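S.K.: These protein sequences, in sequence, are chains A and B.
The numbering used here applies: residue 1 is where the first sequence begins, and numbers increase by one.
The numbering used here applies: residue 1 is where the second sequence begins, and numbers increase by one.
Hints are computed from structural coordinates only; laboratory data are not their basis.
Since the model is a prediction, treat every value here as computed from it, not as a measurement.
Worth double-checking, as some hints may not be accurate.
[What the hints assert, rightly or not] If you anchor each label on the Cβ, the simulated ranges turn out as follows:
{"#": "1", "chain 1": "A", "residue 1": "G217", "chain 2": "B", "residue 2": "L11", "range": "55 to 61 Å"}
{"#": "2", "chain 1": "B", "residue 1": "R45", "chain 2": "A", "residue 2": "L156", "range": "44 to 50 Å"}
{"#": "3", "chain 1": "A", "residue 1": "I121", "chain 2": "B", "residue 2": "D51", "range": "33 to 39 Å"}
{"#": "4", "chain 1": "A", "residue 1": "E186", "chain 2": "B", "residue 2": "G21", "range": "25 to 31 Å"}
{"#": "5", "chain 1": "B", "residue 1": "L13", "chain 2": "A", "residue 2": "R35", "range": "21 to 27 Å"}
{"#": "6", "chain 1": "B", "residue 1": "L14", "chain 2": "A", "residue 2": "R202", "range": "39 to 45 Å"}
{"#": "7", "chain 1": "A", "residue 1": "A152", "chain 2": "B", "residue 2": "D161", "range": "19 to 25 Å"}
{"#": "8", "chain 1": "B", "residue 1": "D51", "chain 2": "A", "residue 2": "V42", "range": "55 to 61 Å"}
Think of the CB as a built atom: it goes at the ideal place given N, C-alpha and C, for glycine as much as any other residue.
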Amino acid sequence: MKRIPTEWCADEPFQRRVKDLFTEHRQSIFKRTDRMFAALMVVQWAAGIAAALWLSPKTWAGSYSQTHIHVWAAVFLGGAISLFPVALALLRPGAASTRYVIATAQMLMSSLLIHLTGGRIETHFHVFGSLAFLSFYRDWRVLVPSTVVVAADHFLRGMFWPESVYGVLAVSNWRWLEHSGWVLFEDTFLVIAIRRGMSEMRDIATRTAEGERLNEGLEQRVAERTTQLAASNRELEKEVAERKLIEEQLLHNAFHDGLTGLANRALFMDHLKLALGRAERHAAYRFAVLFLDLDRFKVVNDSLGHMAGDQLLVGVARRLGAAMRPGDTVSRLGGDEFTVLLNDLNDAEEAEAVAARLQSELAPAFNLGGHEVFTTVSIGIALSGEDYHRPEDILRDADTAMYRAKMLGKARHAVFHQAMHARAMDRLGLERDMRGLVERRELFLQYQPIVSLATGSVRGFEALVRWQHPERGLIPPAKFIPIAEETGMIIPIGKWVLAEACRQMSRWQKLSNLEAPLPISVNLSGRQFLQPDLLEQIQEVLRETGLDPRGLKLEITETVVMENIETATHTLEQLRALGVELSIDDFGTGYSSLSYLQRFPVSTLKIDRSFVSQMTESDGTAEIVRTIMKLAQNLGMDVVAEGVETEGQRAQLRDFKCELGQGYFFSKPMDGDAAEALLLNCFPHAGTGNQVLNFDAPPLHVAAV
Amino acid sequence: MNRLLLTAGALWLLMIGAGTGLLWNYASTPGAAASTPDRWPAASRVKPAADRATLVMSAHPHCPCTRASIGELARLMTQARGRVTAYVLFVEPSNFSGEWARSDLWASAAAIPGVTPVRDGGGVEAGRFHAATSGQTVLYDAAGNLLFSGGITSARGHAGDNAGRAAIVSLLTAGEADRREAPVFGCPLFAQTECPAGMEVGREKNTH
Chain A
1 MKRIPTEWCA DEPFQRRVKD LFTEHRQSIF KRTDRMFAAL MVVQWAAGIA AALWLSPKTW
61 AGSYSQTHIH VWAAVFLGGA ISLFPVALAL LRPGAASTRY VIATAQMLMS SLLIHLTGGR
121 IETHFHVFGS LAFLSFYRDW RVLVPSTVVV AADHFLRGMF WPESVYGVLA VSNWRWLEHS
181 GWVLFEDTFL VIAIRRGMSE MRDIATRTAE GERLNEGLEQ RVAERTTQLA ASNRELEKEV
241 AERKLIEEQL LHNAFHDGLT GLANRALFMD HLKLALGRAE RHAAYRFAVL FLDLDRFKVV
301 NDSLGHMAGD QLLVGVARRL GAAMRPGDTV SRLGGDEFTV LLNDLNDAEE AEAVAARLQS
361 ELAPAFNLGG HEVFTTVSIG IALSGEDYHR PEDILRDADT AMYRAKMLGK ARHAVFHQAM
421 HARAMDRLGL ERDMRGLVER RELFLQYQPI VSLATGSVRG FEALVRWQHP ERGLIPPAKF
481 IPIAEETGMI IPIGKWVLAE ACRQMSRWQK LSNLEAPLPI SVNLSGRQFL QPDLLEQIQE
541 VLRETGLDPR GLKLEITETV VMENIETATH TLEQLRALGV ELSIDDFGTG YSSLSYLQRF
601 PVSTLKIDRS FVSQMTESDG TAEIVRTIMK LAQNLGMDVV AEGVETEGQR AQLRDFKCEL
661 GQGYFFSKPM DGDAAEALLL NCFPHAGTGN QVLNFDAPPL HVAAV
Chain B
1 MNRLLLTAGA LWLLMIGAGT GLLWNYASTP GAAASTPDRW PAASRVKPAA DRATLVMSAH
61 PHCPCTRASI GELARLMTQA RGRVTAYVLF VEPSNFSGEW ARSDLWASAA AIPGVTPVRD
121 GGGVEAGRFH AATSGQTVLY DAAGNLLFSG GITSARGHAG DNAGRAAIVS LLTAGEADRR
181 EAPVFGCPLF AQTECPAGME VGREKNTH
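Only chain A is shown next, with the shape it has when bound in the complex:
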């Protein structure tokens, strides 16, 4: 056996622990033995009654009998002896007093049993058996009351009734000592056995305490490690939860728009693919794709900033989501483009009704950081049909329809039909063919004279670009210029036009040898106007062509100028500083700020042809033209009326004191050679002033051209 470390023996807590364990163990034995004696006493009480009934059931007097007093003694006296210790064993288990009462009662019971059995010598073994049983307590002190009871019994009875103990009337006290001596003899062995048992119990307690102490460190380490593991586990769980959250977020992000939370293109296309599959399986199933594009989103972005633009997109997304049915899919493809998948439609009208509802939902103002912003949306609708097998196709057609809605004036919806596709394909072809347009020399200029309404003299030309397509033939500018604007091809085209017009005018000026340069008007697109190196480009063109800057008049639409007032003002001032003339084109069709207008270094206003064409038929329009004339006169600007086609228009314009005009009434746009011929014809005597042409009758000057 492992020895206890010496230092532990002097360790007071250790000794205290040993004592506690020893006491706990003894207490456990006491309680267990109390219960055992309680059971034993009940059994021996019953056995006493049985013995009395067996040995002395009745007492007799002749032929008469009655219950023997032994039976009553076994029942009542035996019960009195037994029940009190039994009660204590149950109510106060483990208490010292319980043990002493039990020991006393056990001896009394032995005495009663001996008496009931007629003092048989065999019954005396009950005494020694009881003493042996009492040693189960492992407490030698319980033997004291039992021994005292036996000794007192024999002493008293030996003293007053010796016959009952010794069978003789007079005995020596040695008999009493002999009787008590045998009891003490057994007690001696029992005490020795009990003390040995207690010693072993102390050893067990010591070893247990030793084991506990040895385990303390281990348990502490286990506890620490358990704490560490628990912390690690918590950390791990947290990481797993975070990772799961991130994965869910990634999965969500993969299929949703980060800004609006709507489905993104991938998810929309997936739903669209499912819808197509369903449509192929079920002939009655119909669906539609709505392609939405905000009409003035760029204005919001440019004026209120991108944050406001994002807020607008979120607001639009929210309204769209709220307006849709649960089974439909709303997505944001990007920018200001949204798509909607409408499931289970009955007919096209239903899709159009939804589109109209969406437009009305978006009609109320959005509050963007204190600014009330109104927006409209153009919607293209593509309905499911047998022709569609790929989601990209139906989405493309919805997009095409949306463009059609835009072209038709925005803030409306259009349902896709095959003609749109043809147009779109045509447009695509134009876009494709437009690449390398300048290098392939497919562009050419035509020139329309600007004449004095009063004198009929040529006061300048406007250069108009034309595209001679090798396969499609002559393509009007109204068809390809918007495409060029969108695709950015307007930049190289504009450069070419500017250079070619300047080159032509320079040549004509040299040929005509005019003192005052005849100006040629060239349109500048919005994109061109916003180019940062516009000034350098013009300087370079003027230098290369040798054109007097006064011979170049740049026409800019009022919308382009007004959308970028600060930049436009600066650019216009720089251009004016070069000596270039400036003109506001299509005046009256866009929006202008009159306060800014007077600040611009603009020399000419060009009244849009729409006013001129309706002027003779509408008094209101005539008043507008008159007002523009007044405005220009007050600001010291020249006015050119565009689209003059009749004598009446010319006459009325003259009445309004409009000085210049251009239009079919005077001349259609003509190629460079014709224009040159006209110019030479009109100015045969260069240096003598402008030649007056007779434009009294349109056929005359058309013939001249």
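Could you slot chain B onto chain A? The hints should help.
M.R.: This is chain B only, laid out in the frame that chain A set:
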């Protein structure tokens, strides 16, 4: 709690003491003493031994206390070693059949060498010896003179050494004894209404 426990313990001991006292009182109270004839009754049908002493014990066949007397008789016969002839008269009331007397005590008595159990119908023989208490033992010498009369147990139903047996053994072995009488502890042989003619049953205080 301790005071309550002490009080309860004291009461408990007192109660047990009282019960024990009653029990001891019962056990130590002798039965009615007999005025045994000094000479062997001539009318007795029990024949005394001519060459040795004759012992006659009157017994109630169902008295549990007499079991101790039979046990002491067995020891006595062992200690006397053939110096005495013994009879045990099992008194049978007249209104009982012949088998009533043949109890376990009869069998115990019959098993003792030198002892003859005798059925005493109506207690006639017991009456001739004036026996009134079960366990009443009388000893006559070969000449028919009374040597001893009394019980051979120290208490009712209590086995063990006692003055009566010691006196008889002494008379048989040494011819003398310190006493010729002893109290008898046992059940009454007769109820008041069953006493044989001329016999009076009563209790006397045991005197040593």
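S.K.: Each of the hints needs a verdict: does it hold here or not?
M.R.: Cross-check of the supplied hints:
1. G217/A with L11/B: 55 to 61 Å: Hint holds: Cβ distance 56 Å, inside 55 to 61 Å.
2. R45/B with L156/A: 44 to 50 Å: Roughly 47 Å apart at Cβ, these two residues keep to the hinted range, so it holds.
3. I121/A with D51/B: 33 to 39 Å: holds (35 Å)
4. E186/A with G21/B: 25 to 31 Å: Holds: the Cβ-Cβ distance is about 29 Å, inside 25 to 31 Å.
5. L13/B with R35/A: 21 to 27 Å: Given a distance of about 24 Å, which is inside 21 to 27 Å, the answer is holds.
6. L14/B with R202/A: 39 to 45 Å: For L14/B and R202/A the Cβ distance comes to about 40 Å; the hint holds.
7. A152/A with D161/B: 19 to 25 Å: holds (21 Å)
8. D51/B with V42/A: 55 to 61 Å: Given about 58 Å between the Cβ atoms, the range holds.
Of the numbered hints listed earlier, not one is contradicted by the structure.
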